[in-house]
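Read top to bottom, the protein sequences are chains E and R. The numbering of the first sequence is this note's numbering, which starts it at 1 and goes up by one. The numbering of the second sequence is this note's numbering, which starts it at 1 and goes up by one.
Just so you know, the hints here were simulated from the structure itself, not pulled from any lab data. In this text, a Cβ means the ideal position worked out from N, Cα and C, and glycines have one as well. Don't take every hint at face value.
Estimated spans, in silico, between C-beta atoms of each pair [as the list claims (entries may be wrong)]: (1) H306/E <-> Q47/R: 22 to 30 Å; (2) E81/R <-> Y161/E: 52 to 60 Å; (3) A120/E <-> G128/R: 24 to 32 Å; (4) R304/E <-> D147/R: 55 to 63 Å; (5) E236/E <-> V91/R: 41 to 49 Å.
Chain E side only, calculated, beta carbon under 10 Å to chain R, not exhaustive [to be verified]: (6) P52; (7) L61; (8) S66; (9) P72; (10) A147.
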Amino acid sequence: MPVDLRTRLGQLELPSPVLAASGCAGAGRELAQFTDVARIGALITKSVTLEPRAGNPAPRLTETPSGMLSSPGLQGPGIDGFLQRDLPWLLSRGARAVVSVAGHTVREYAELAVRLSDAAGVSAIEVNLGCPDAAAAGRPFALDATAAGQVVAQVRGSARYDIPVFAKLSPEVTDIVSVARACVSSGADGLSLVNAVPGMAIDPVSFRPVLSGAFGGLSGPAIRPLAIRCVWQVREAFPDVPVIGTGGVRTGRDALEFLLAGAAMVAIGTVLFHDPSACSRIQRELEEELVARGIDRVSEVVGRAHDGAGVVADRHSWVLARAWAVASGGKYP
Amino acid sequence: MSPVQVRGTVLTVRRVDAYVAMTVVAPAIATRFRPGQFIAIAVGGPQSGMLSRRTFSVHDVRPDHGGTVEFVFLPREPGAEWLADCRSRDVLDIVGPLGRPFPVPRDPASCLLVGVGAAAAPLFALAGRLADRGCQADFLLGAESADRVFGALTARRTGRSAMITTADGSLGARGSVIDLLPTVVQQARTDVIYAAAPLGVLRAASALAGRYAIPVQALVDAPAMACGTGLCMGCVLPAVGTDGITRMVRACVDGPVFRGDRVRWDDVGTIPFDALGAPGWKSRAGGVGPAATSLTPGPRDIPEGRQHAG
Ligand SMILES: Cc1cc2nc3c(=O)[nH]c(=O)nc-3n(C[C@H](O)[C@H](O)[C@H](O)COP(=O)(O)O)c2cc1C
Ligand code: FES
């Protein structure tokens, strides 16, 4: 029996909780060569800015153990180019577009929300709070609960009422729950956890930083436990706020881990560079993981790790099932 | 034709001088392939900690086993070493063929093929295609030393002429291909230059081609490709579109073959101040043209080039 993967996003029903993460799938054209973008939950676009941006000089990316350090610098066509070419293309392919927005001032974010509200077909807005705040000497909004809350309040106030607004947070804070609280009380309909974590690599041959901007965001499986912890903490504090879990998801089992921690959806980022068909594959694997556990609706597992009794009971039956499978000579599951 | 992701079985792994030449069975890639295109391979197995795909220009494709793909590399980093340790019948996750191929002249022309080290590998499939079009191919190959010159024998056998240079003089003339370029272009009465080499050589070839007013097609052998599929935005370099606007374009989808006169070779590794969206850049009316269409050469230039938008 097929598993019911349907997931709610505001008024919308997504066919699956598996999304493509912002900045790792552009606006879908490249991804569509390997994955049917209409069949994944949604595509979160590369963060859109008001003006076109050339991004940072190369080198922008470097491989690190089980991860990637990157500082692409938000290269993109700007909101005009995005609305003219990228959004219509995504919609023409039957994909659901969650549009990520980025700015350096609260006003820029608000203006982007207005522009997106005038366009048809935006499933949700994801507010990338990882950008430097011009009013705070370049400290990213996400590092300060007040600044993050202000951006969210402005975006929520400027966006059409029926477009859900998700705030994307950075794990680089002492207390993720306080930033989450500021966003939720400012009207965020959901949270995206997490953005990449600042890191650095130095070239032992040139004796210089590898990336042109010295620092980059660390992403990929290397940060998955960090992301899981953030999702868990936020779910404990706000059990009713939908969360998009992001950070190193590589397999259906990893996706399941995020769901158990409390994410309603998972977004696939860096792993797409390694496997451009990862979204469809992970979706399929997640379905298999659920079938193996006799679960027929994905919504049933969301946040289940918080349910103490549930955990013990599940683990018990899982061990039993495995023992049974081994005893019967079959391969688990 | 759009790329595919396949599981390719390793057929052979051979040492060729300093290099490893690997042949994999991948019919869907082989049949789609055009010279100049590349493949991107996942290394280290399914749970690999090495997340960047390794990209390789395709040396050649053959029809045996339904279609095989051969590529050549120097095993000098952990991912390439892992690949070099693969054996016949191992299975690899391969994406390809990727990128914009070499455009070939419609009418017979005198073509100079300039290559350095293993970067020269894609020139040999190109030579085959040029021959089909009735074109003459002259080779100019170089490397640090004799064991790093790739394809010297094939070049001598199949080219109208073949000049070899090595930095240490162990094969052919001592020096760099850059030193010999002007002489060869004059002697061969070159109509078009094809170059597959490090940036310095591509820059020199483009400058020379400019002086002689001949076109140059330069294959960028960018080491900094994390995905090869256009997703990561890591492989950018500044290039001028037909509208005169400089954009940061991706070597993996807008290239790897570029018209030499379009790339701002001296500015590679920077964001030129006048590039679209550079800091301080001001949008002007009509300035925000579609990045891809302006860089995609006309149908006359590329008979079967992939149309890339984005
Ligand atoms: C190359 C690259 C570009 C990214 N660009 C954006 C972006 O534009 N906006 C954003 O909110 N997050 C961006 N991210 C962060 C990812 O969306 C994601 O939150 C993070 O990488 C962790 O997930 P992952 O481990 O699955 O990649 C980017 C990440 C990478 C690696
Ligand atoms: S290598 Fe990733 S975009 Fe070119």
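Hint check, P72/E versus chain R [nearest Cβ-Cβ separation less than 10 Å]: 5 Å, holds
Mind checking the hinted window 22 to 30 Å against the Cβ distance between H306/E and Q47/R? Hint holds: Cβ distance 28 Å, inside 22 to 30 Å.
Taking the beta carbons of E81/R and Y161/E, is their distance inside 52 to 60 Å? 56 Å, holds
The hint says 41 to 49 Å between E236/E and V91/R; measuring C-beta to C-beta, is that right? 43 Å, holds
For the restraint on P52/E, tell me whether the closest CB of chain R is nearer than 10 Å. 4 Å, holds
Interface hint check: S66/E, Cβ to nearest Cβ on chain R, cutoff 10 Å. Holds or violated? At about 4 Å, which falls below the 10 Å cut-off, the nearest Cβ of chain R leaves the hint on S66/E intact, so it holds.
Restraint check, 10 Å cut-off on beta carbons, for A147/E near chain R: Check failed: Cβ of A147/E comes no nearer than 22 Å to chain R, outside 10 Å.
Starting from the range 24 to 32 Å, see whether the pair A120/E and G128/R falls in it by beta-carbon distance. Because 50 Å falls outside the window, the suggested range is violated.
Between R304/E and D147/R, does the beta-carbon spacing fit 55 to 63 Å? 60 Å, holds
Chain R contact restraint for L61/E - C-beta distance below 10 Å: At 4 Å from the nearest chain R Cβ, L61/E passes the 10 Å test, so the hint holds.
Figure legend: structure checked against the earlier numbered hints; hints not met, in rising order: 3 and 10.
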